[in-house]
Amino acid sequence: MRGASNHIIEVKQMVKKFGSFVANDHLSFHVEEGEIFGFLGANGAGKTTAMRILCGLSYPTSGEIMVAGFDVYKDRERIKRKIGYMSQKFSLYDDLTLTENIRLYAGIYGLGRKQIAEREEQLLERLGLTHVKKRMIREIPLGWKQKLAFSVAIFHKPAIVFLDEPTGGVDPITRRQFWEMIHDATLEGITVFVTTHYMDEAEYCDRVSIMVEGRIEALNTPALLKQEYESKNMNEVFLKLARK
Amino acid sequence: MSIIVDHVDKSFGEVKALSQVDFEVKDGELFGLIGPDGAGKSTLFRIMVSLLVPDAGFCSVHGYDVVSQYRNVRELIGYMPGRFSLYMDLSVEENLAFYARVFGTSVTKNYDLISDIYEQIAPFKKRLAGNLSGGMKQKLALSCALIHRPEVLILDEPTTGVDAVSRREFWEMLKKIQNEGITIVVSTPYMDEAEMCDRVALIQKGSVLDISDPSRIGESTEKVLYSLKSSQGVYTYLERIRNLEGCRSAWLFGDELHVTLRSEKESLAIKEAIRDWNDPTIQWESIVPSIEDRFMGLMREEGMDAHEITETP
Numbered sequence: 001m002r003g004a005s006n007h008i009i010e011v012k013q014m015v016k017k018f019g020s021f022v023a024n025d026h027l028s029f030h031v032e033e034g035e036i037f038g039f040l041g042a043n044g045a046g047k048t049t050a051m052r053i054l055c056g057l058s059y060p061t062s063g064e065i066m067v068a069g070f071d072v073y074k075d076r077e078r079i080k081r082k083i084g085y086m087s088q089k090f091s092l093y094d095d096l097t098l099t100e101n102i103r104l105y106a107g108i109y110g111l112g113r114k115q116i117a118e119r120e121e122q123l124l125e126r127l128g129l130t131h132v133k134k135r136m137i138r139e140i141p142l143g144w145k146q147k148l149a150f151s152v153a154i155f156h157k158p159a160i161v162f163l164d165e166p167t168g169g170v171d172p173i174t175r176r177q178f179w180e181m182i183h184d185a186t187l188e189g190i191t192v193f194v195t196t197h198y199m200d201e202a203e204y205c206d207r208v209s210i211m212v213e214g215r216i217e218a219l220n221t222p223a224l225l226k227q228e229y230e231s232k233n234m235n236e237v238f239l240k241l242a243r244k
Numbered sequence: 245m246s247i248i249v250d251h252v253d254k255s256f257g258e259v260k261a262l263s264q265v266d267f268e269v270k271d272g273e274l275f276g277l278i279g280p281d282g283a284g285k286s287t288l289f290r291i292m293v294s295l296l297v298p299d300a301g302f303c304s305v306h307g308y309d310v311v312s313q314y315r316n317v318r319e320l321i322g323y324m325p326g327r328f329s330l331y332m333d334l335s336v337e338e339n340l341a342f343y344a345r346v347f348g349t350s351v352t353k354n355y356d357l358i359s360d361i362y363e364q365i366a367p368f369k370k371r372l373a374g375n376l377s378g379g380m381k382q383k384l385a386l387s388c389a390l391i392h393r394p395e396v397l398i399l400d401e402p403t404t405g406v407d408a409v410s411r412r413e414f415w416e417m418l419k420k421i422q423n424e425g426i427t428i429v430v431s432t433p434y435m436d437e438a439e440m441c442d443r444v445a446l447i448q449k450g451s452v453l454d455i456s457d458p459s460r461i462g463e464s465t466e467k468v469l470y471s472l473k474s475s476q477g478v479y480t481y482l483e484r485i486r487n488l489e490g491c492r493s494a495w496l497f498g499d500e501l502h503v504t505l506r507s508e509k510e511s512l513a514i515k516e517a518i519r520d521w522n523d524p525t526i527q528w529e530s531i532v533p534s535i536e537d538r539f540m541g542l543m544r545e546e547g548m549d550a551h552e553i554t555e556t557p
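Note that the protein sequences, when read in sequence, are chains G and E.
Under the working numbering, the first residue of the first sequence carries the number 1, and numbering increases by one thereafter.
Under the working numbering, the first residue of the second sequence carries the number 245, and numbering increases by one thereafter.
Where hints are given, some of them may not hold.
[Stated by the list, open to error] Under the rule of at most 27 angstroms between Cα atoms (straight-line distance), these lysine-lysine pairs were calculated in the DSS-like manner:
#1 Lys232/G - Lys419/E
#2 Lys240/G - Lys381/E
#3 Lys473/E - Lys240/G
[Stated by the list, open to error] From chain G, some residues computed to sit far from chain E (all C-beta separations above 10 angstroms):
#4 Asn101
#5 Arg176
#6 Tyr198
[Claimed, not checked] To be clear about the criterion: a stretch of chain G counts as covered by chain E if any three or more of its residues have a C-beta under 8 angstroms from a C-beta of chain E, and this derived list gives those stretches:
#7 136-149
#8 152-162
#9 167-175
#10 200-207
#11 229-239
No lab work stands behind these hints: they were computed from the structure.
Glycine included, C-beta positions come from ideal geometry on N, C-alpha and C.
Next comes chain E alone, as it looks inside the complex (with noise of 0.2 angstroms):
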C-alpha cells in the first residue's frame, strides 16, 4: 500500500473535520477525493503530508507514520496545495531551482520528468511568478511539486476555477505522470474529472460516503433514473414534475431534468401524467446514472440534500 489512512477524525474546536475516515491508496494507483467546498479534503490532506496531526487514527505514506516518521515522509511526497505554494516574487526558474535545492536536487536531474509541462512555460521563465495567469502558474507549482521525483503526489484542487479545456490538458498531465510510477491522490469539486481515476472515494461532511472505481461508486443507489427532455425547455416541467405523487427527486441537469421515482411501480402513473401535458416534444426515458446522479443519490440517502443548519455549529 501506498498510503493508509485508518480510522482518522480531526475537530477544530467545535468542528469536527473529519470523522473515522479510512481508506488505502494502492502503489501506482491515481486516486480521486471528490466532494464539495469544506467536506474536509484539504484537512486530509494536510493530515497525509504531515501538516496536520490527526486527533485519533493512524495515517501512513510507505509505510512511515505521518507523525512520528514525518521527515520521511516529506521527502517521498510532492505536495501542491489549493493555493499554489509559488513565491510571487521570484521568477518562473528561480521557483523551479529553489524547490530542487530544498528537496537536495538539482533541476537538470530529473528535468525528464516534468520536460512536458515545463517547456509550456519555459517561454516566460523570467518572469516573476506573480504575473503569470492561472493556467501558467498550475503548471508551475505542479513542476516545483514534482522536481524531487516524488513518489507519492498529492494535488488539492488543482482545477479549481480551471476552464473546461485547461483541465482537460491537465488531467492529460497526471495520466502521464501516473505512467511514470508516480502514484497520485487528488482532489476537485468537478465530478466528470472522477471518471479519469482509477477509484474514488465521495466524502462530503468529513465522512467518506463511498469508495469504488468511477464507474461503480455509489451504484446502491439510483438504480432507475429517467431523463425528461423538451424542445421548449425543461424549466418549466420541474415543479411539475416535483408535484406528482411518485417523484422522489427532480432536478436539472443539462438540457434535461433527471427525476428518480419512489418506486418503479410508479413509472406508468408518472409516464401518464406527462402525456396529459400535451407537449409532443416531451422525451421521457430511463437511462443509465452519471457519477454525479450517483453521488447527489448517496447525499440525498446521507439526508444531506436539505442543507439544514442546526443550532448549534
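Chain G extracted, bound-state conformation (with noise of 0.2 angstroms):
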C-alpha cells in the first residue's frame, strides 16, 4: 500500500469446483503492489486451491483472474517467470549443497552465469552462509534453511512472492528473523502474499484476509479488523470467524 495504488493481483469472481464441492466460491479480491497481504483461514477452507490458481499451476472453473499483468488462462507461463514460491513443506534440495540450490534456481528462472555469481556471492554474504556454502542442504538448521529458502525464491527479483506456511514449526526468534527479510523484500518492491497458522504473524501483514469454508469472510487492516470484531489481537479475530 506504498504509494500509488496498483492491483497487482486482481481476483473477480473465482471460483473453483472439484465434482460438486465448490473449493472456492466467488472469491473477489485484490492485492495492492508492494504490500504484504495475509491469506488466512481454517485447514480446508481453500487457501491452497486458490494459490495454486493465483500460481498458475490449476485453472479455476470461472471468473477473471490477473496476476502480475497477465491472465491465468492464457498466460500462466509468464506468470509463473514473474513470481518466487515457497512453502514449509517444499523449499530446497536436501542431497545439493547451497550454492547448488541456488544456481539451480537461477538456472530455471533463466538468470545468467554471470548475474547468478554475483548475486550468488551477495546473498551468501548477508545470511553469514559462505563458509558453510558447499555444504549439503540437510547439514544446516531447519531455521536457516528457510530463511535460505526464501532468498532463493525471491533471487530472480519477482513481482510476487508465494509463501505458504513459511514458518511452520521453526523457533520464535527465527520466526521474527524471517518476517524481518519478509520487510526487506518489500522494500525491494516485492509484494508478498503469505499464508501461516501463527496468528501473531498476521499483525505483520498491510492486510489481512480470512477464508471460511470457500469465501472470504473479512479482508482488511488487522488495526480495522480487530476494531470491526471488537477483539484484542487477531487471534480473537480469527477465532470469532472461522467456526460461525
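Each chain sits in its own coordinate frame; assemble them with the hints.
Structure follows, in C-alpha cells:
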C-alpha cells in the first residue's frame, strides 16, 4: 500500500469446483503492489486451491483473474516467470549443496551465469553462510534452511512471492528474523502473499483476508479487523470468524 | 512417577540429538515438551515408546525399563507420531478396528473413552483414511491411539500445521482425556499451547533449558520487558530501538515490539530517546513477559539466538 495504488493481483468472482464440491466460492479481492497480504483460513477453507490458481498451477472453473498483469487462463507460463514460491514442506533439495540449490533455481528462472555468480555471493554474505556454501542442505538447521529458501524464492527478483506457511515449526526467534526478511523484500518492491497459522504473524501484514468454507469472510488491515470484531488480537478475530 | 527420563543421551553419527535429558512426568499429568523443529522432541519420544534405544542414561514408563521391558511399556502407552500412523488404504472404521485388535481389545469395550472424538468423524466411517482432511485424520489417529485405553498417551506434534480454531478444539479434547486419569505427554512448537499444560519442559538443540509450570517457566530471564506500540505501525521503529545504546534485544510481537534493556538504569535514557522520535501515538510500557518472551530469553542466554553454523556439524 505504498505509493499509488496498483493491483498486482486482481481476482473477480473466482470459482473452483472439484466435482460437486465448491472449494472457492466466488472469491473477489485484489492485492496491492508492494504490500504484504496475509491469506488466512482454517484447514480445508480453500486457501491452497486459490493459491495454486494464482501461481498458474491450476485453472479456475470460472472468474476473471489477473496476476502481475497476466491472465491465468492464457498466460500461465508468463505468470510463473514473474513469481516466486516457497512453502514449509517443499523448499530446497536436501542432497544438493547451498550453492547448487541457488544455481539450480536461478538457472530455472533463466538468469545468466554472471548474474548468478554476483547475486549468489551477495546473498551468502548477507545471510552469513559463505563459509558453509559447499555443505549439503540437510546439514544446516531448519531455521537457516527456511531463510535461504526464501532468499532463493526471490533471487530472480519476482514481482510477487507466494509463501505457504513459511514459518511452520521454526523457533520463535527465527520466525521473527524471517518476518524481518519479508519486510526487507517489500522495500525492494516485491509483493508478498503469505499464509500462516501463527496469528501474531497476521499482525505483520498490511492487509489480511480470512477464508471460511470457500468464501472470503473478512478482508481489511489488522487494526480495522480487530476494531470491527471487537478483538484485542488477530487470534480472537480468527476464532470469531472461522467457526461461525 | 509415570515416566522417568534419567540423563539420556542419543547421537546419530556425528549429530548429538539428545544431551543429558533428565526429567520426570507425574501420574495423571499433562506434560508439554515445547521446542522448535530439530530440537530433539521426536527422538526423545521414540525412546520413551521403546522404538529407539538411548546411548546412555535410563528411561522407564510406570517402572518398566523401555529397553529391557519394552513389551510391558508398549501395552501401557498410546502413541501418536507426527506423521499419523494410519493405514491410508483402510477406511476410518477399519483403521479403528485394526488398532483395537492389535492391542487385544474391541472397539466397543472402550468406546466411551473415544466417543466424543470419534462421533465427529463417524459420518465418514466408510471413507478411506487417505481421503480425509488433515483435521479428520488427526481425530482418527487420536481415536486409534486411545482405543486400548492406554495409561500414558504420547503425542508428537499433534497440532503442527493445524489452524488456530482446530488447535483449540484439540486441546479441549486432551483436557477431557486427562480427566479420565490418563497421563499425557505432548510436544508442540506453539508457545501458546504450553499454557494448557500442568508442567512444560523447554527443549532446544537436544537439551532441556528449563522445566516448570507454564506460569513460571524461564522466569529467571526477562524479568523486565517493555512493549512499544504505535498507530503508525511498529516495524519502522525496530532498527531504531535496536540501535539505542541501552537496548539488549527488540523483536516484533504481534502489533507491538518487545524490548529488553541491558540494565534497568537504561530505562530513563531509552524513554527520552523515544520521546525524541516525536510520534505522539507511541505507547511505551513495562509488561509481564509471556511464555514466548521467556523462551526467547532462554534461547539468548544459551547463545542460541545467533544460530551460528559451525564448520563441522
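Hints versus structure:
| no. | hint | in the structure |
| --- | --- | --- |
| 1 | Lys232/G - Lys419/E | 26 angstroms, holds |
| 2 | Lys240/G - Lys381/E | 24 angstroms, holds |
| 3 | Lys473/E - Lys240/G | 24 angstroms, holds |
| 4 | Asn101 | 15 angstroms, holds |
| 5 | Arg176 | 5 angstroms, violated |
| 6 | Tyr198 | 8 angstroms, violated |
| 7 | 136-149 | holds (count 6) |
| 8 | 152-162 | violated (count 0) |
| 9 | 167-175 | holds (count 7) |
| 10 | 200-207 | holds (count 3) |
| 11 | 229-239 | holds (count 5) |
In summary, the structure is inconsistent with hints 5, 6, 8 from the numbered list given earlier, while agreeing with the others.
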